[in-house]
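2 protein chains.
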Amino acid sequence: MSINYDHFSSLGIALVVSGPSGTGKTTVCEKLLEQNKNLNFSISCTTRKPREGEVDGEDYYFISVEEFKRRVENSEFLEYAEVHDNYYGTLKTEVTDKVINGEDVLIDIDVQGMRQMRKASSGDSVLEKCTSYVFIAPPSYPELEKRLRNRGTETEDVVSRRMLNARKELKAWNEYQYLIINDEVDKAVNRLQSVITAVSIETSRLTPVADWPYV
Amino acid sequence: MSINYDHFSSLGIALVVSGPSGTGKTTVCEKLLEQNKNLNFSISCTTRKPREGEVDGEDYYFISVEEFKRRVENSEFLEYAEVHDNYYGTLKTEVTDKVINGEDVLIDIDVQGMRQMRKASSGDSVLEKCTSYVFIAPPSYPELEKRLRNRGTETEDVVSRRMLNARKELKAWNEYQYLIINDEVDKAVNRLQSVITAVSIETSRLTPVADWPYV
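Chains X and Z supply the protein sequences, listed in that same order.
Under this note's numbering, think of the first position of the first sequence as 471, with each following residue one higher.
Under this note's numbering, think of the first position of the second sequence as 471, with each following residue one higher.
As a list, the in silico DSS-like pairs of lysine-lysine whose alpha-carbon atoms are at most 27 Å apart:
no.: 1; chain 1: Z; residue 1: LYS657; chain 2: X; residue 2: LYS599
no.: 2; chain 1: Z; residue 1: LYS501; chain 2: X; residue 2: LYS657
no.: 3; chain 1: X; residue 1: LYS657; chain 2: Z; residue 2: LYS657
no.: 4; chain 1: X; residue 1: LYS568; chain 2: Z; residue 2: LYS657
no.: 5; chain 1: Z; residue 1: LYS568; chain 2: X; residue 2: LYS657
no.: 6; chain 1: Z; residue 1: LYS501; chain 2: Z; residue 2: LYS657
no.: 7; chain 1: Z; residue 1: LYS599; chain 2: X; residue 2: LYS657
no.: 8; chain 1: Z; residue 1: LYS539; chain 2: Z; residue 2: LYS568
no.: 9; chain 1: X; residue 1: LYS507; chain 2: Z; residue 2: LYS657
no.: 10; chain 1: X; residue 1: LYS507; chain 2: X; residue 2: LYS562
no.: 11; chain 1: Z; residue 1: LYS507; chain 2: Z; residue 2: LYS599
no.: 12; chain 1: Z; residue 1: LYS599; chain 2: X; residue 2: LYS641
no.: 13; chain 1: Z; residue 1: LYS641; chain 2: X; residue 2: LYS599
no.: 14; chain 1: Z; residue 1: LYS657; chain 2: X; residue 2: LYS501
no.: 15; chain 1: X; residue 1: LYS616; chain 2: X; residue 2: LYS638
no.: 16; chain 1: X; residue 1: LYS657; chain 2: Z; residue 2: LYS507
no.: 17; chain 1: X; residue 1: LYS589; chain 2: X; residue 2: LYS562
no.: 18; chain 1: X; residue 1: LYS641; chain 2: X; residue 2: LYS589
no.: 19; chain 1: X; residue 1: LYS599; chain 2: Z; residue 2: LYS599
Read the hints as simulated data drawn from the structure, not as lab findings.
All chains, please: the whole structure from these sequences, using the hints.
Right under this line is the structure:
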């Protein structure tokens with residue numbers, strides 16, 4: 471946990487963050503990571519080839535299709551998906567190893583990934599205790615469209631597809647525990663940090679060590 | 471709620487805060503109230519006579535013993551207690567009227583009061599939905615003793631009694647949802663504000679208005 475409560479031991483927090491493309495989720499997460507040194511992105515597995523400069527175990531765990539499939543068979547993934555003929559997935563151990571070590575992990579996945587992860591975590595006492603689900607939404611559809619267009623890199627076709635997808639994803643907002651409207655980046659970052667701070671001082675997460683209440 | 475989520479309606483938050491004498495709870499609460507304009511102390515009823523400068527309906531609701539007892543009989547109190555021959559209590563309506571109006575209320579009561587309030591709120595959908603319970607604790611017993619002595623106004627006898635009482639109250643920490651260790655005032659204020667911010671964006675508290683997901 472990010473707060474030093476000397477008389478307690480506590481698991482780290484696994485923060486699942488979803489939000490449609492164009493919401494500003496990536497900017498919010500990166501700003502948060504800058505200011506919160508106990509928080510790191512979870513590292514995904516992928517079957518795609520490393521790009522120039524990408525480091526195995528830092529950017530991704532680069533594994534073969536065979537190994538990926540074997541691990542799927544073994545139920546080692548919290549969630550995975552095939553995108554453009556490559557597999558991407560989050561290993562259970564990637565999350566549990568870190569939270570058991572007291573580190574907080576940010577897991578950036580979409581609504582489908584969240585649903586898979588909920589299922590895969592069910593019955594796992596560590597994962598059930600340490601995971602919080604946050605949905606990031608744009609302040610309005612017109613604002614979302616503006617943000618997608620302002621990127622300047624998307625074709626009309628891509629913008630339309632993203633808007634349609636956003637409409638679908640936004641309907642899942644209440645499958646999450648917290649809703650962050652990204653009206654201003656700094657406010658959204660502050661809300662996300664507030665979730666981490668509040669969750670980290672939930673009494674249900676704190677295990678007193680021998681000298682509490684104080685000797 | 472303190473955050474403007476235009477597409478949602480939401481109840482205010484009733485924040486119950488307890489903590490043994492000497493914890494610094496009052497300082498933390500007052501600092502928080504200074505920076506959070508949507509948050510106010512709940513106003514208690516009392517049977518004691520107003521002191522110089524005290525205003526009815528601002529400092530307290532000053533009522534007669536007969537009226538207090540009648541309201542106790544009517545189950546109008548969330549909690550009440552007799553202290554030095556005077557009654558003090560928090561009316562249900564004091565909290566529900568404010569939260570229904572979207573205001574956040576800080577309720578400063580002791581462990582006994584919290585237990586009474588939990589019972590009195592049980593089955594009341596507004597109170598159950600809007601109330602969060604926070605316990606403020608000192609970083610250690612020696613530090614608590616130091617703080618009590620540093621006031622300079624307490625006799626040895628009072629210090630001993632407060633230390634004994636603190637030991638008793640601290641055992642109730644996990645009857646609350648959040649534990650705030652007051653190691654530094656600013657950190658404690660920030661933790662309390664984080665609880666308010668996080669609770670206010672819990673999806674279970676947010677009711678979408680007709681145009682969500684956005685028209």
